[in-house]
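**Student:** Listed below, chain by chain, are the residues.
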Amino acid sequence: MPGTLDVLILTALSDGPLHGYDVVEWIRRATEGALRIDDGALYMSLHRMEQRGWLAHEWRVSPKGRRAKYYRLTPIGRRHLRAGERNWRRFANAVASVFAARGRT
Amino acid sequence: MDSRDPLEPPAAEAIDSELEFHFAETVEALMARGWTEAAARREAARRFGDRGKYYRNLKRLERNRVIRLFRPEALVRDARYGLRALVRRPGFTSISLLALALGIGVNTAVFSVVNSVLLRPLPYADPDRLVMIGNQAARGAASLADFLDWKNQSRLFETLDAFEINRFTNSRFTLTGDGEPEQVIGYRVTAGFFDTLGVKPLLGRTFAAGEDAPGRPPVVVVSERLWRRRYASNRDVLPRPVILNGRQHTIIGVMPASFEFWQRDPEAWAIYPLAPPTRRGPFFIRGVARLRPGVTVDQAAAEMDGIARQIELAHPKDYTRLRIAVVPLREIVVGNIRPLLWVLSGAVVLVLLIAISNVANLMLGRATARRREIAIRLSIGAGRSQVVRQLMIESLLLSVAGGAVGVALATWGVAALHSLAPADLPRLGEIAVDGRVLAFTLLTSIASAVLFGLVPAIIVSRTALTSSLKESDRGGESRRQSRTRAVLVGAQVTLSVVLLVGAGLLIRSFDLLGRVNPGFDAPPERVLTMVVSPTGPNFPNTPGVVNRYWMRLLERVRSVPGVEAAGLSNAAPPDRNSFLDSYEIEGRPQPPGSPNPPIPIPYVSADYFKALGVPLLRGRWFNEQDTPDSPRVAVVSDAFARRHFVGENPVGQRIVYGTWHLEIVGVVGDVKYRGLNRDTEPAFYQLAFQYEWWDMWLVVRTRGDATAQAPAIRQAIRAVDPGVPVDRIGTMARALSESVALSRFRSLLMTVFAIAALLLAVVGIYAVVANSVAQRSREIGLRMALGATRSGVRMMVVRRAARPILIGVAVGLAGSLALGRVLEGMLFDVAPSDALTFTSAVFILAGAAFVACLVPASMASRIDPIRTLRGE
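Those sequence lines, one after another, are chains U and D.
Counting in the working numbering, the first sequence runs from 2 upward without gaps.
Counting in the working numbering, the second sequence runs from 22 upward without gaps.
One chain only, chain D, in its complex shape (with noise of 0.2 Å):
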């Protein structure tokens, strides 16, 4: 029998329904006694008496129903009598308030970050009118000249302001004149820099306007954690003079340690002297201002347009197609993460999806046990909204137990997030779970119960309703209930699929990416890295003064034990490049307005290709030949030999660079300097000696463990010169693991949700099957007393099995198609559709529901016929 009443009208006619037999009986029996019809009809509704005021009593009672549905006593009594429902069935209770609270719990945690990253307003004041502006590209640099244009001729920022990130001196300032000499990270700004951001310091003051006036006094600002590490929190440390960079500096305030902009772990902040440039260049100054109320970007980005034309008209031997980017502050600092973002948000709600669908299937095989209980709530009167609502209610105590375990989890997560997270993602210090994010779980938990609750509340509640007590109730599964329980199951499936893929898409890109060569033959282990900084009284800009001191530096450090070779570079693979440049090849001019695409021009000493193992493919290295008087001469890239000079021996070929003309005197191998995951691009290299840099990269092979050597290494640049620092030493195996961080970051987490999705899959698909095997424990009886084997009935409890899964497996692979494009932007080498990772998804998936269905097959298989015949 179906579940409704084949007669009962919908609900909104019930009423007039009612109304119209009622009338038509009276109507009809008056007539009977002899009136006319029309008489009988105006009798009739004068015995009814007024229908509006019927009509309008019964809306009132329909609302009082609803309102005494949701009374509080009502509630607390279903409350109370479902928390005993559930503590009756610990099995059932344990299973589902682990998938919610596993599916709730990962929902909670990439929510904190979302909400942390993506969400919450950026720490400035009024931060959605502040703007970056760059040339070419948004994070692109600028000259001094170009700012001053900008300030000069822009009339829609209210302020706008600059910071300059020297990338030869990796944005640090060696800081000496009290104390141990140390390097902070740190750069220089304008000095309405910080009331642009709108930002306040936790100690002393900002700049003042005006202060970075050429001849001013030079200021700089510090980190709460400098001032507390090198001035131990002392209050009366301002103002305090120190030696910057060589030159006289006064601290005159401390930022709080919240303060962050640009890079993680700034330190100072030293105003920078606009003295009038006598040049456009060099490149190292980035704009950032605060838009005039009311003004968008794009109306700031179309002046910024037209004084782009006027640079380019008053300048146009330094510009073609100068573009000035103006882009919102919000997309720099988080414009790169919101994809993965997005991407791990999407995987989380799979999660999540498959443990409600997995809860729903556990309350639909418990509903069928219950199903007496509520036919008896039913026939002595109940409502089946009150027992709606009871069900419901016992819902919502799983659900919000089930989140309130998951905030647990996601805590727990939360912090290993902070240890896994590469170190450049944005905001990571802010990452936390706050009021938002709970309220989030909250409203999770409850959208969860009602998914997994109400649909098989409803149909519990109405199989009850027609289900008479009379009846001899074998538990047996009504039509409709398998069904839903099927496709349950197969929704897990798919969405499973979906969550294998996507991991093994990206674990297939971070192996490749692991596997790509990065240009050189020196185990990375044995390599080490560090960056020396001579600067200081010893160091004054005397031409030559600098160069003696790195040759003093290599000959120390190749003298110590254990040191095979040692070279200078001022930028490192995988991706320390220094900087980018344009150049020309001699006699070949390149047309106006197409200089050659800029390419990575690091500056080396000789031995650097030896210390890293690059191999020479023609001419010869740079050799004590090459001095600082004799010709320039360039090493260029294997990559710059084959787009320069196809079919020709490039030594001996002269590049344009600047107002020097270098001569090729070899071709080494392509070395990565921009990441492992670009391209090979063309490179060429320059002899240091030949000109004098301050900043440089030591590269130095081990014999051994380079981690070993270290400390004897420091003690060689130390017997050198003691007031020289050194920074950011480490191997060259961590600088090629730190740069596959992300991709690493991104494959784990993908990971860990797609085990989460197996794992809630197969417990699914087990109490389903375990569930099925266990309603028809007479029928299998019956057939293996009339023959069936022992393992034809295990074939036949997984084949019954087999459909749901296999049609999920199939959904789920057109989905993964889908996926697979949404990804492709975080995918290395890997097609969006690679067979390899399709196919692994699928047995791995198959394998575990085998597993799954296995365990209840052979349950079956194990039932005595005996005991089925005699009816037990």
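This is chain U alone, in the form it adopts within the complex (with noise of 0.2 Å):
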């Protein structure tokens, strides 16, 4: 499903600023390695999403010292993430009463 990376990744900036590769952490931790994407594409996504005014960015220095763009959510963004959430939910929704329907024939 389309958009499904975009909505995982505002998903991971939810909480707070996080810099690229702790977004990439993130995502790998959370679906425990089930979704293969390259790292190339997450970064291409959040360039995309900046673009759009979803995200915005800011140079920090990361608790190790190195200098780190940092993304962060804009207001438009969060809308975003919440629209997309309900658009998942009513899909995953969907596909679960297709599958329990199965279970009744």
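If you're looking for bench data, these hints aren't it; they were derived computationally from the structure.
Please note that a few of the clues may not be correct.
Stated by the list, open to error - Heads up, simulated SDA-like pairs for lysine to any residue below, C-alpha to C-alpha not over 25 Å straight-line:
id, chain 1, residue 1, chain 2, residue 2
1, D, K74, U, D39
2, U, K65, D, A35
3, D, K80, U, M45
4, D, K80, U, G4
5, D, K80, U, Y71
6, D, K172, D, V318
7, U, K65, D, L40
8, U, K65, D, F42
9, D, K172, D, G219
10, D, K631, D, P613
11, D, K74, D, R109
12, D, K80, U, H58
13, D, K631, D, N538
14, D, K74, U, I38
15, D, K74, U, V62
16, D, K80, D, I36
17, U, K65, D, V318
18, U, K65, D, R54
19, D, K74, U, R80
20, D, K74, D, F44
21, D, K74, U, R91
22, U, K65, D, N538
23, D, K80, U, A35
24, D, K74, U, H58
25, D, K172, D, L40
26, D, K74, D, P31
27, D, K74, U, V8
28, D, K221, D, Q284
Could you use the hints to bring the two separately framed chains together as a complex?
**Tutor:** Structure representation (structure tokens):
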């Protein structure tokens, strides 16, 4: 389903600003490695969403002392996260009820 | 806090920097789990995927971003938003609009002149191949014999033709034979003249090849205006027999109204009969030729140089150091006016720059107030480029609207130019606001918007980005902003000073020119001058006829009540000389090859000096003893006496002129014949009645205002012979005024531009000072609460404003010194660094600037300290 990656990233950022590597690691951990996506595609998604105004960035020094680009949600991004979440739940429910219906026949 | 994130790498490195960080983190994490460094690196690269593809996608993303930035619906939305923002601030909008309209308007007006005079091709076929040919100088005249030599010996011209301007007749024809006799401006041309220029008649035909051969019936082509006036635009009028200068001619064609060559408003072009010349002279002919394709002007000039050497060898008595000038026609037509147009263009560009910096300043002042609005837009996810785009669209709206008002101003200004410009300004009739001018205006508007909009937009979007929303925004200006504003004020002052000095120098020149003594004592408004041209059947070429007419004419005119004196001359001051010629002093032959420089040699009647009030310094006037049969006599000017007879009495000496030996009988004061701006030059006068002259200036001194006497004098001339036309009638006062028309024109234009500049600068200074007072009202209130006096506050405000102004003045004065050199050719009797002009410019500017500061300063002094303390 298109936009899945975007929703995952928005979710990753919903608790506060993260840099790109943290986002990659957060998604790897959250999906327990089930999702096979190139890191490059994740970064593309970050750039695309920043351009649309969903994310903003600022450069900070990471805890390990490296200069890193931190992404955060903008109000527009937060709106898109909520919409994406709703769509996903609806989709997942729909798929679940399809499976449930098969079990009954 | 500075407006930039100090950690943010330059845009070009940000992508790499982010990836570098990512790989470093990944490799470190893997190594912590026991991977070797090499394996960790391979794994990190594998996880990232195709790096080339990543960069390509980013590039595409960037391209899409730019496309998205300029998609129509966003632009329309911004335009609508910008329009609302402009309407919400009518004060800012109207002042900016006015400044831009003024700046763009004067540029449009001047460009429309530059466009039609300098840029548009001359209205002939393939005009770049047309050249003028003359003896010695480009405008120099040659003889028919010269012309025939050129034509026979040159190879590089496709066609070579000639036209004859007869200086004695002031290039006028007398038209009789059908209806009222009248004088028309015109000249004679060889048969190929119109074809060389590549122009077609409106009606009938132009001359056919060979029609200028001797013995062919004389033909003439007339202008549309003459055809309309004399023949009521009758299409069946051709061919029409007329009498031109007493000879039967046939009108064979009518030229369109747009055709113009050499002179404004010529009305007739008669065929020049190429009768075999008997001598090398008179010098009335100029060549006009079309170069063969691919031939350069230099090549043609080199060829004519060779021809000049041959003419010189064949006629050593006639020429020494003969030079034949070959000059592009364009140079002849517009060469003289080009420097003035460039100066005017420069001046209006300065005016526009002042307007632009003014608007930029207002924009900056306003931007501070808009910082919150912009910060909000940024915080909800608008990119900085989107904010800049929005501000730029607002600027564009402003400047295009200003441009539209400017075009209206320019249309009006061009109409004003038509009426103000001296009549001899080339191509004046062609000046108009056309498509190219409008395109120029649009481009100027856009360029202006970029100049006054972009920098403020960037500064604002940057400061808004970092100034957080939480801060209680007092609307203070950043240091960078106030510095930018001070620099802008200084720049406006600089440019205004330069324009003021330029205008001042030209005004002084014009003033001094008006004070030049033209060389006669008669009050100019009481002297009437006109050309009288006795021609036609009553004036056969019989000795004595024309002189008898002149005697009767003078007698008749003198008897008109109110006339004090009347005389004749073939040249009149201040700039109506008929010709120049060289001469020798008897007993002092000039070395071969270096004749005396040519000087004006007017032929006058005895009373000419009395009518004008030219003083007699030595000897006697011409008088009754001097008759056509008595020895030839001359009266010399003071400068002539000083050149040749230092410490001697010129009276009794003889001038050798042609075959004549003229005895000098008197010395008179110097009169200007070639313009008030020329140095006094020698001249000598001959008695017209010892020769025969058909066209003369009649100079009449009246008791009262000369204009009032004009009808009576005309009546008297008609009474002597009703068939003799009178032309160019006017007072000497008008002639003097017309002779300085160009000087008046340029000083007037520069003054208009300087005033515009000054107004803009004053508005600019006022806006900045008022704005800074408004922003510092708390500080000022506190100072007053702590005991500062009102006058102290006023002083403080003025003192702070004075710094950029003073620096601007200093830079402006330096710039003016450079400008003076550009203007040098247009100045008369004024040094380009004229102290009086420079001081006046500084005082005018300082005074205006002081007033501009004073109003906001007194506003500041009225701030109520109590309210400030209460924190309102």
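**Student:** Please go over all the hints and tell whether each is borne out by the structure.
**Tutor:** Evaluated hints:
1. D/K74 <-> U/D39: 12 Å, holds
2. U/K65 <-> D/A35: Judged against 25 Å, a Cα distance of about 19 Å means the pair holds.
3. D/K80 <-> U/M45: Roughly 11 Å separates the two Cα atoms, so the pair holds.
4. D/K80 <-> U/G4: Cα-Cα ~21 Å, so holds.
5. D/K80 <-> U/Y71: Cα-Cα ~21 Å, so holds.
6. D/K172 <-> D/V318: 16 Å, holds
7. U/K65 <-> D/L40: 16 Å, holds
8. U/K65 <-> D/F42: 11 Å, holds
9. D/K172 <-> D/G219: Status holds; Cα separation ~19 Å.
10. D/K631 <-> D/P613: At roughly 39 Å apart (the allowed maximum being 25 Å), D/P613 and D/K631 break the hint.
11. D/K74 <-> D/R109: Distance of about 49 Å is beyond 25 Å: violated.
12. D/K80 <-> U/H58: 19 Å, holds
13. D/K631 <-> D/N538: 17 Å, holds
14. D/K74 <-> U/I38: 14 Å, holds
15. D/K74 <-> U/V62: 28 Å, violated
16. D/K80 <-> D/I36: 11 Å, holds
17. U/K65 <-> D/V318: 77 Å, violated
18. U/K65 <-> D/R54: Holds - the C-alpha atoms of D/R54 and U/K65 are around 17 Å apart, at most 25 Å.
19. D/K74 <-> U/R80: Violated, because 30 Å separates the two Cα atoms, which is more than 25 Å.
20. D/K74 <-> D/F44: Judged against 25 Å, a Cα distance of about 17 Å means the pair holds.
21. D/K74 <-> U/R91: 34 Å, violated
22. U/K65 <-> D/N538: 91 Å, violated
23. D/K80 <-> U/A35: Status violated; Cα separation ~30 Å.
24. D/K74 <-> U/H58: Since the Cα atoms of D/K74 and U/H58 sit roughly 23 Å apart, the hinted pair holds (cutoff 25 Å).
25. D/K172 <-> D/L40: 81 Å, violated
26. D/K74 <-> D/P31: Holds, because 23 Å separates the two Cα atoms, which is no more than 25 Å.
27. D/K74 <-> U/V8: This hinted pair holds, its Cα atoms lying about 23 Å apart.
28. D/K221 <-> D/Q284: 18 Å, holds
Violated hints, listed in ascending order, are 10, 11, 15, 17, 19, 21, 22, 23, 25; each of the other numbered hints is respected by the structure.
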